[in-house]
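*Asks:* Given next are the chains, with one letter for each unit.
There are 4 protein chains.
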Amino acid sequence: MAKIEVAVVGASGYGGGELLRILAMHPNVQLKIAVSSTYAGKPITASFPNLSGHLPNLTFTPYGDGVDVAQCDVVFLAQENGKAIQTAPHLLEAGCKIVDLSADFRLRDTALYETVYKTPHTAPEWNQKAVYGLPELFREQIKSAPIVGNPGCYTTASILALAPLLKHQLVDTKSIIVDAKSGVSGAGRAKFALDYHFPEINESVSAYKIAGTHRHTPEIEATLSEYCELSDFTLTFTPHLIPMTRGILATSYATLLGTQATADLYELYREFYKEEPFVVIAEDPLPATKHTLGSNRCHIGMAVDKRNGRVTIISAIDNLVKGAAGQAVQNMNLICGFEETAGLLYAGGMAP
Amino acid sequence: MAKIEVAVVGASGYGGGELLRILAMHPNVQLKIAVSSTYAGKPITASFPNLSGHLPNLTFTPYGDGVDVAQCDVVFLAQENGKAIQTAPHLLEAGCKIVDLSADFRLRDTALYETVYKTPHTAPEWNQKAVYGLPELFREQIKSAPIVGNPGCYTTASILALAPLLKHQLVDTKSIIVDAKSGVSGAGRAKFALDYHFPEINESVSAYKIAGTHRHTPEIEATLSEYCELSDFTLTFTPHLIPMTRGILATSYATLLGTQATADLYELYREFYKEEPFVVIAEDPLPATKHTLGSNRCHIGMAVDKRNGRVTIISAIDNLVKGAAGQAVQNMNLICGFEETAGLLYAGGMAP
Amino acid sequence: MAKIEVAVVGASGYGGGELLRILAMHPNVQLKIAVSSTYAGKPITASFPNLSGHLPNLTFTPYGDGVDVAQCDVVFLAQENGKAIQTAPHLLEAGCKIVDLSADFRLRDTALYETVYKTPHTAPEWNQKAVYGLPELFREQIKSAPIVGNPGCYTTASILALAPLLKHQLVDTKSIIVDAKSGVSGAGRAKFALDYHFPEINESVSAYKIAGTHRHTPEIEATLSEYCELSDFTLTFTPHLIPMTRGILATSYATLLGTQATADLYELYREFYKEEPFVVIAEDPLPATKHTLGSNRCHIGMAVDKRNGRVTIISAIDNLVKGAAGQAVQNMNLICGFEETAGLLYAGGMAP
Amino acid sequence: MAKIEVAVVGASGYGGGELLRILAMHPNVQLKIAVSSTYAGKPITASFPNLSGHLPNLTFTPYGDGVDVAQCDVVFLAQENGKAIQTAPHLLEAGCKIVDLSADFRLRDTALYETVYKTPHTAPEWNQKAVYGLPELFREQIKSAPIVGNPGCYTTASILALAPLLKHQLVDTKSIIVDAKSGVSGAGRAKFALDYHFPEINESVSAYKIAGTHRHTPEIEATLSEYCELSDFTLTFTPHLIPMTRGILATSYATLLGTQATADLYELYREFYKEEPFVVIAEDPLPATKHTLGSNRCHIGMAVDKRNGRVTIISAIDNLVKGAAGQAVQNMNLICGFEETAGLLYAGGMAP
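Residue numbers (the numbering used here), protein chains in the order written: chain A, 1 to 352; chain B, 1 to 352; chain C, 1 to 352; chain D, 1 to 352.
The hints are simulated quantities; they were obtained by calculation from the structure and are not laboratory data. Certain hints may be false.
Any copy, or any two copies together, can satisfy a pair, since identical chains are not distinguished.
Dumping the calculated EDC-like pairs for lysine to aspartate or glutamate here, alpha-carbon to alpha-carbon at most 16 Å [as the list claims (entries may be wrong)]:
no.	residue 1	residue 2
1	32	5
2	306	80
3	42	284
4	191	80
5	129	73
6	42	283
7	209	283
8	209	284
9	306	232
10	174	80
11	167	267
12	118	340
13	143	339
14	83	114
15	32	284
16	143	93
17	274	136
Just so we're clear, the structure is a prediction, and the values are computed from it rather than from any experiment.
Using the sequences plus the hints, can you model the full thing?
*Replies:* Here it is, written out as structure tokens:
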């Protein structure tokens with residue numbers, strides 16, 4: 001099969017770097033363009049020494065200046081929020097398929113986007129054609145989408161944990177709490193503020209943007225509301241910074257309406273995700289982020305406390321793979337009609 | 001003032017090591033005996049090179065064999081669960097005051113102890129005279145207790161976070177969840193199983209003993225029930241292992257019965273803990289475990305999500321200080337009539 | 001091409017786990033048997049949750065009991081030192097090719113082996129037919145070897161750093177020092193002693209077995225002596241434990257006999273390793289262990305201090321890949337006539 | 001005794017924060033002024049939540065504007081290099097004693113300073129009156145100095161390791177190598193570049209400024225040359241970044257001129273440092289940085305390789321205490337005639 005041509009815009013960040021790593025080995029892809037203003041003119045290894053020996057002929061290029069991103073079949077946009085709404089329309093009109101890793105095309109409700117991100121959404125029509133790129137919930141719509149809004153890392157872990165319970169109306173929708181723990185790479189590579197300075201993060205755990213103020217809260221709420229047909233649905237979401245580089249562990253809580261035991265819920269989750277190549281239902285041991293390091297899989301485990309009818313669900317992902325670049329490639333595979341797992345199995349998880 | 005004579009039994013573990021560190025500089029204490037079967041006959045620095053230059057004449061001694069622990073004024077028992085119920089009665093009868101860092105004298109309900117710890121409680125009468133050693137809640141009782149059951153690390157962080165709300169009956173008692181994150185020193189020093197092997201823990205987060213199965217769950221429930229006069233009180237407690245050495249961050253959730261705002265709760269907590277030398281109400285920044293590293297303080301912050309009336313409370317301690325050895329010395333100070341902060345202020349917190 | 005059948009003995013350790021991870025995706029291999037006494041009868045994921053979704057039909061098996069390792073084409077022995085000299089002869093006589101990851105077949109001088117490892121070498125004849133499995137120095141001999149002694153992790157990093165200088169007789173052979181820093185996975189998975197307990201390792205650096213007492217010292221000396229035709233060659237080797245999971249950084253020092261500048265040495269190293277798929281000469285940035293995380297590559301950089309004629313060489317590897325399982329697969333590829341890089345490129349390095 | 005009044009300039013960095021922590025508990029000191037332009041007007045806890053409960057009445061102040069630093073008895077300057085040469089002369093003329101934690105007053109050879117720091121030294125006369133603040137080598141001179149140049153962190157660990165051997169002329173002065181490993185707090189708090197971003201540092205080790213290009217190289221050379229009366233003395237110094245917050249481990253190498261055994265050297269070091277309150281000669285276990293965490297002590301161990309007559313010396317310090325703030329207070333104690341250990345013993349080391 002002829003390979004498609006692909007560009008990555010925002011290629012020197014952590015999401016971009018993982019895209020380069022995965023795409024370098026993808027059997028159906030020729031990586032043509034890696035756009036980075038910071039590293040323009042430099043070899044890929046100037047930013048990513050880990051890619052030494054891969055992509056030997058690729059150099060970072062600036063955006064514009066005759067670099068014709070628009071001629072690529074698929075473009076990954078891995079820039080900060082607010083950039084894709086500017087660049088995407090031109091590329092879409094030129095016929096590119098787009099996977100956007102920012103928040104710009106994740107919320108169908110443009111007013112909500114503008115409230116949360118405090119910026120006008122300048123591409124509302126394309127936004128209506130965009131699909132939320134969580135294949136486990138929206139696979140068929142993704143296949144024919146011109147543009148996919150690739151989910152946030154926290155939201156991927158949270159939604160996959162909660163969707164089976166909410167879809168089957170097994171829990172009190174007012175009872176839901178997600179307590180999430182993230183490695184620091186989730187803050188991005190450009191954002192090296194004091195908050196992420198090694199001595200401040202190391203040997204410490206902290207919560208931030210608590211009580212519903214983190215931007216992923218409305219994304220989780222909107223996506224679960226759409227998929228599970230809920231209205232007026234709110235949950236409590238708490239993000240924490242953990243002294244590690246990669247990984248998200250989401251501990252979700254919900255009060256059962258019925259009297260299901262732990263085994264009943266395991267059966268439900270196994271059935272719900274039985275066709276999914278990238279969801280693992282894990283019973284013993286329970287999920288740990290290390291189990292997903294470098295992998296595109298989400299591991300999910302759970303237990304019910306019979307005393308109070310509350311279920312605790314543990315979900316783990318690699319925030320840069322299933323939570324960003326790996327899921328983006330999974331979406332590309334769907335859009336292009338490739339095997340859904342193409343290029344994503346070799347990532348494996350590492351031990352230890 | 002003449003110094004009292006003190007012994008530490010179980011002196012080569014992490015709790016024991018911190019006791020030695022703190023007691024070495026305590027103005028009212030002469031540390032006479034450090035019992036360790038593992039290191040018997042060796043200098044303190046064989047186990048704790050960090051104490052080089054301190055306690056120059058002290059050597060670890062075995063239990064018994066003419067080492068007369070019973071002649072000390074105060075004995076700290078820092079052994080695994082199930083040992084203090086054997087050693088304490090003899091010492092108490094000899095007139096020693098005891099601070100026990102294990103779980104043996106934390107639960108007044110001996111039947112509950114036997115269910116949770118799966119061992120008969122062989123000192124039930126002394127257990128009825130014991131006091132739960134959380135000075136912020138039980139200061140007066142501690143002062144005259146012959147033996148104090150020093151609280152667990154998770155329980156200290158959890159109870160201090162929840163007591164003001166429950167005491168004032170501001171929250172739905174069925175809504176409470178504590179999601180706690182602990183450094184690995186909480187597992188103790190002797191317990192070097194594969195679970196705590198560096199490569200398994202590092203760069204990973206995991207939950208364990210979820211859905212009410214951790215032994216600190218009944219300890220939190222029983223203590224809050226007693227202090228706040230609750231009945232049939234259960235909560236959901238989830239412990240997590242974090243890739244760091246020290247520190248516990250507890251993120252607690254409760255549904256408010258009223259419409260208090262964040263500022264109202266800050267006022268309540270400031271009032272509740274206004275006389276406490278070791279509780280800090282922290283608004284900006286929110287508590288992080290690093291703020292308490294090496295210190296005997298508990299930092300507490302909070303926020304309300306107006307959308308769903310749920311409060312999120314963040315509490316942080318150093319699990320080996322306020323969660324173990326520091327609190328034990330605070331209890332000794334109360335029992336002996338010393339300044340409550342004696343020997344505990346120099347610990348300070350470190351930056352970074 | 002028909003796939004060869006392969007067994008891994010000692011499959012539940014860190015080296016074994018990485019072998020399973022790499023072999024699961026190897027295009028020329030069918031992984032038939034994974035021997036582990038600890039996990040016998042359990043699925044691969046009981047020990048390696050990271051391999052969920054891979055090797056779905058493989059279960060750990062005990063050694064013996066009808067598990068016919070000897071019918072495999074290639075057997076990887078990944079056990080503690082002293083085991084391979086017992087198991088290898090039988091397998092070799094049955095016609096298996098063997099890659100041994102222990103120290104048993106690394107030293108051609110059996111007397112030296114017995115001195116260093118304090119055990120009789122019970123397979124001295126096979127030892128004479130064994131080849132030291134460092135492809136960059138001994139590629140041709142490996143291709144026809146019945147058994148390969150896969151190099152130690154420290155030795156791989158050290159030898160690749162020093163071979164060009166010593167082979168070209170550019171440095172004083174009495175001046176050589178290797179100061180090596182290793183992640184804790186190098187200690188293995190079974191060895192969860194207090195020394196490797198998370199709280200003891202984390203936030204600390206220490207040296208151990210200093211002044212020539214580490215067992216990799218004679219391995220480095222013997223290999224460089226053979227390859228560079230040196231006699232009476234000794235160096236100083238210092239291993240250090242670093243609070244990280246994977247990676248070795250070796251900082252090597254040598255006094256130049258001539259007046260080469262940094263650029264001259266870079267040219268020499270580029271020439272020396274120009275055909276090597278797994279050696280990267282890195283100038284800016286200098287090598288860091290993170291650049292090799294999950295990869296089979298060794299990165300090498302250097303600089304000369306003109307003031308005293310001393311060269312400092314920095315080499316980095318992933319101790320579990322190029323320092324163990326990856327190099328073992330590279331050796332298998334050579335022995336079996338596969339593409340040398342088969343199954344090893346997808347490992348990539350991760351960013352970050 | 002009346003307390004002296006003290007100011008800290010540059011009080012919101014890591015060195016400044018540790019000064020505040022130590023001085024808050026110092027029996028002879030009243031901390032009057034904490035200058036920070038970044039945090040001017042804010043309470044100490046805005047920058048250092050770890051100091052909650054300490055220094056309750058202190059607020060950061062800007063420099064100048066009526067804040068009369070010059071009226072203090074002792075001023076600690078903890079700013080970036082190049083600032084103290086501007087501020088110190090005025091304070092010295094006003095009669096303040098100064099401990100400068102920057103490099104500005106460490107080198108008596110002003111031309112060397114200007115070469116290394118690429119800036120003119122604008123206070124050369126005061127520089128001639130300054131003393132290098134390493135009490136173990138220059139105690140008597142420090143006592144009467146108007147200004148002390150507090151040593152660098154790398155240099156403290158290196159010089160204390162090498163001084164006994166060089167002073168006694170036991171080693172080849174051309175053979176010396178120091179391979180040093182530092183936690184990231186050594187880079188300072190303001191310097192939160194990509195190089196120190198958590199995901200770049202964590203799980204990685206790297207060398208930087210190799211082959212004599214780090215600025216601490218001439219500082220070590222000049223100090224040892226002065227103290228040991230050496231001429232044309234150069235050594236090789238290699239700094240490394242380690243994924244931890246605090247601590248320096250220096251591994252030093254030298255070739256013995258004689259045939260001393262390990263035990264001979266231990267005897268020499270014990271004799272050399274026998275009166276020193278802050279030097280620990282450690283034989284078993286060897287020094288690790290964790291042994292010094294939070295402490296003002298330097299731990300030193302060693303071994304000789306009889307095969308090649310080379311000695312390996314291991315020295316460990318906490319870079320922010322003995323390598324910065326603790327040593328600065330030790331110097332203040334000498335200058336002011338206080339007990340040399342005043343305020344420095346409670347720091348202790350922590351276990352773990």
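*Asks:* Hint by hint, which ones does the structure fall short of?
*Replies:* 2, 5, 10, 12, 15, 16
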